Amino acid sequence: MAYALQQLINGLTLGAMYGLIAIGYTMVYGIIGMINFAHGDIFMVSAFIAITAFTLLAAADVTSIPLALTFVLIVAIFFTSAYGWAVERTAYRPLRGSTRLAPLISAIGMSIFLQNAVQLTQGARVKPIPPVIEGGLELWSTPGFTVQIGWSQLLIIVTTVVLMIAFTWMITQTPFGRQQRACEQDRTMAGLLGVNVDRTISLTFMLGASLAAVAGVMVTVYYGVVDFFIGFLVGIKAFTAAVLGGIGSLPGAMLGGLLIGLIEAFWAAYLWAEYKDVATFGILCLVLILRPSGLLGRPEVEKV
Amino acid sequence: MSTVVFAHHGMTPAERLRDAGWIAFVALILGVPLIGLTTVDVGGRLAVDTRFGLLAVAVVAAFAGRLALRWAIDSLRAHKQSKARQHTADTLSSRARTLSMVLGWMALGVSIALPIFFSDNRYVVDTATTVLIYVMLGWGLNVVVGLAGLLDLGYVAFYAVGAYSYALLSTQYGWGFWEALPVSGALAAMFGILLGYPILRLRGDYLAIVTLGFGEIIRVVLLNWTEFSGGPNGISSIPRPSFFGLEFTRSAPEGGHSFASFFGLEFSAMHRLIFLYYLILVLALLTHAFVSRLRKLPVGRAWEALREDEIACKAMGMNTTNIKLSAFAIGAMLGGFAGVFFAARQGFISPESFTFSESAIILAIVVLGGMGSQLGVVLAATLLVLIPEFGRNFAEYRMLLFGMAMVLIMIWKPGGLLSHREPTLRLRDPRAKAATTEGAQ
Amino acid sequence: MKKTLLATACLALGVYSQATLADLSVAIAGPMTGQYASAGDQIRRGADMAIADINARGGVLGEKLKLEVGDDACDPKQAVSVANTMVNRNIVFMHGHWCSSSTIPASDVYNEADILMATVSTNPQVTERGLQNIFRIMGRDDQQGMVAGGYIADTFKGKKVAVVDDKSAYGKGLADETAKAMEANGLKPALREAITAGEKDYSGLVTKMKQAGVEAMAYGGYHTEVALILRQAQQAGLNLTVIGGDTMTNSELVTAAGPAADNVLFTFSPDPRKNPDAAPVVEKFRAAKVEPEGYVLYAYAAFQLFEQAATKAGSTDYKALEKAVRGNTFKTVIGDLAFDAQGNLATPGFVVYRWQGGAYDYAK
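Protein sequences, first through last, are from chains A, B and C.
Take the first sequence: its position 25, counting from 1, is numbered 25 in our numbering, and each next residue is one higher.
Going from the second sequence to our numbering is simple: count from 1 and add 304.
Going from the third sequence to our numbering is simple: count from 1 and add 745.
Selected chain B positions facing chain A (in silico; Cβ < 8 Å):
| id | residue |
| --- | --- |
| 1 | V330 |
| 2 | L341 |
| 3 | N528 |
| 4 | A668 |
| 5 | V671 |
Everything labelled a hint here was simulated from the structure, so no lab data went into it.
No experiment lies behind these values; they were computed from the predicted model shown.
A virtual CB, placed ideally from N, CA and C, is assigned to each residue, including glycine.
Looking at chain A on its own, in the form it has when it is part of the complex:
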């Protein structure tokens, strides 16, 4: 029981991280209907920015953890959203209105480019920082096993929940959210009604990138080790999460992320860890066969 609880905590942490990145996929998909394969690499870039920022702070002898975290988050969000903006501007905007697959290939190219650009400028070696937040909370002690939740795990889960609520509020309540949803439904019509479509799409990319930035900072805090290859696997998992939850739906992305984190944790805990990915994708297939547009996705209305 204690063991299951500990694995639940592990799964939730991992799932929250997937969820944060999955929202980026889902928002971009919602508004321009493309899979942004470079999103995982945007996340990787933000992790590198976080590493540099943390190292700078350590050199400046900043010891207050909340101060350091705030600084790193702001820096990472600023630069990462600049990257999100630039990627959209150079690789996707010229392709808007062409075939559905053209931006997909452009995104794959962008992903390869970013990975190698980071390898070239930052080196192929892994970048570690000493643990930022140590220790945790002991929840339950049984003989031989203590369930504990690390402060950094708690930080990840809380941050994710807060961001989730903030984003849902923003999409449903603010003028920007309305414009964003309008563009999702019909770009031409939204444009005719005075919505600045280009600006809305750019902002969507920047918002997706800033969530990836938060995830990047969290990864740096929690794992403490970053390399130029981390975007790939996480990106694919997060994308799977977005589809599982119903692509285009914000709560769906979060739910999908949590589910995948939990499936991975429990499958590895009780069954064969090496077939973990088979389980993830198998469940995805099952869900999609039963609900072809994901758990919380709206069924597509086919118009002739």
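On the provided structure of chain A, position chains B and C as indicated by the hints.
Coordinates of chains B and C only, in the frame set by chain A:
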């Protein structure tokens, strides 16, 4: 749509400078965290190192590059406009068609003659073989993506099924290449149907992610089921195909002949390479003939109809399930054939050769080439294999250039290098139809 | 750069011939880019120094050596492509590749083209396919696993030990052999697990080991994952000792794992840096600001092997070279090398090391 930020031409010099200045500013912001700052390992700890000189170079380069690019785009556009007045669209498209015919025959001629001119150059023949494998894979995937319009991100699974079938049949049961080829192809097709059946209800990107998952499942199973597939060790010592029973060995087997001794030639390892090259060339040409024929048959036309409008297909009373399944099965079978050849050529296969990136490259070949275009696939496959190969001299810049090239080609030609997405058969007035399909997403 | 460009252009046109090159070409190949680029980097540094030293001595048989570098990124397909490039460049000796899964398919190409190779790949398959041209200047996974398994059974008698691998050819081979040797010595692994390399989250594995009361983990795989597992174990309050293979020589492990790296033991050939004959070379590397760790001295030794074999054979002809390597003992910075019929080291030695405060030394 153009790549331009302030897209109207005839910019004044001041506007040009402002435009380039803006790009330089963006480059500065993007460059600060990655180029300007870096972390280095000093005695087990990280320390920040600055490279502002390099950053300055990058920013200046962005500024100059933007000016040059603007100038090039503007003059190109002016050039195009003056040219467009001289030709009507009609002569252009018919010229394009004859041009692609000529190009096709030229490519065939070059590929047949290649090993004759490079008979002692291993590298050229071997790289050309790799290109042809990708051409064949591209043609196979073209059936699924280009013709039937089903986005498949896990095509590599069928490639793997073909490769492992041949490897197991030959090393475990002593089957020859030619016996194993149809069986492996059939197996791959079966997997295609197996995958296709449950997921046909899915549309667009949902289909894409499930195929991606299927590709990963196959790879993970191959990686972990050690008793069956050798696990991460893969399968080595896979027999090479023989030339009508004549082996390409240094010494002739007891009481028989090797290829070299039968023809009275001195042994050379090149014989086998050239044979393999022609083998894949023949396989690829057969694939091409097969797919071209299919496109003219009802099933091929049904694929294209499905790609253009699924609802209309259903309304016409077509059985969309069977059409999709046939596309999946035939695409998978062709992938399987390519896999068999891959295993026979490499002599060693392991799950590392069948990762998602491989699927991505094959898909990129189909899309970069121009969906549905057979010649485009050849062109794209050649490019995507040769860019990293030539890039070997740029060492670490190799993959960077590769990624950049993919983005640039797509922006330059969003429809693919040779894009003519039009039905193979048409009733009348090609231009009207082409215009509507081009605009559709 | 211009020269190499020109060379490729010639190559592509097929007018390349040996006459354009006066020097003797030798090569290294390995992951110069990609996930394991740091190993490729070590090989390159070692080889550069070796070639410079040999050329300073007047080259081999009066000819200067020219080093070609091939990047296979540990991808089997690229490895074959690199091998073909090298054949075209008429190399006479190859040190590489690094990943076993690259070495295996590439060695077929070198074999057909009559090129001698010396590799550090440790998978038994590398030398078990009857190829005459391949020599291994390092021990094999099974020998390594035997040493590690024996050591574990001895040191952790009666305690719980997990055996984990990363599903790579190298990692699984090593872990399997270690588990076998442990059982032969009377210690049954408490857990047998596999992870996916490249992931970041191993908290599930850590929790599983904590639940099972595991104190030590025998690991087959690369150092990056070990660093993550150690950090996460520490966070979960699990005091874990890791016993790994030769890849743990990489000092990245210490940077990434922090103080927890002191819990890492690993098997490796006797430290060449401790070899008194190697002292001048080690000094030279340090003077050039290169710590001769990991594969650096192996790369150096590979070219020493080539130099001496060519001198003994009196030619760089393949047949003569191969005979010379097979029949003689060579004095190199990693000790005396002699080979058995298969091309394996005749006297491979593996020693257990422990990281301590950022440096590794023999474990007590």
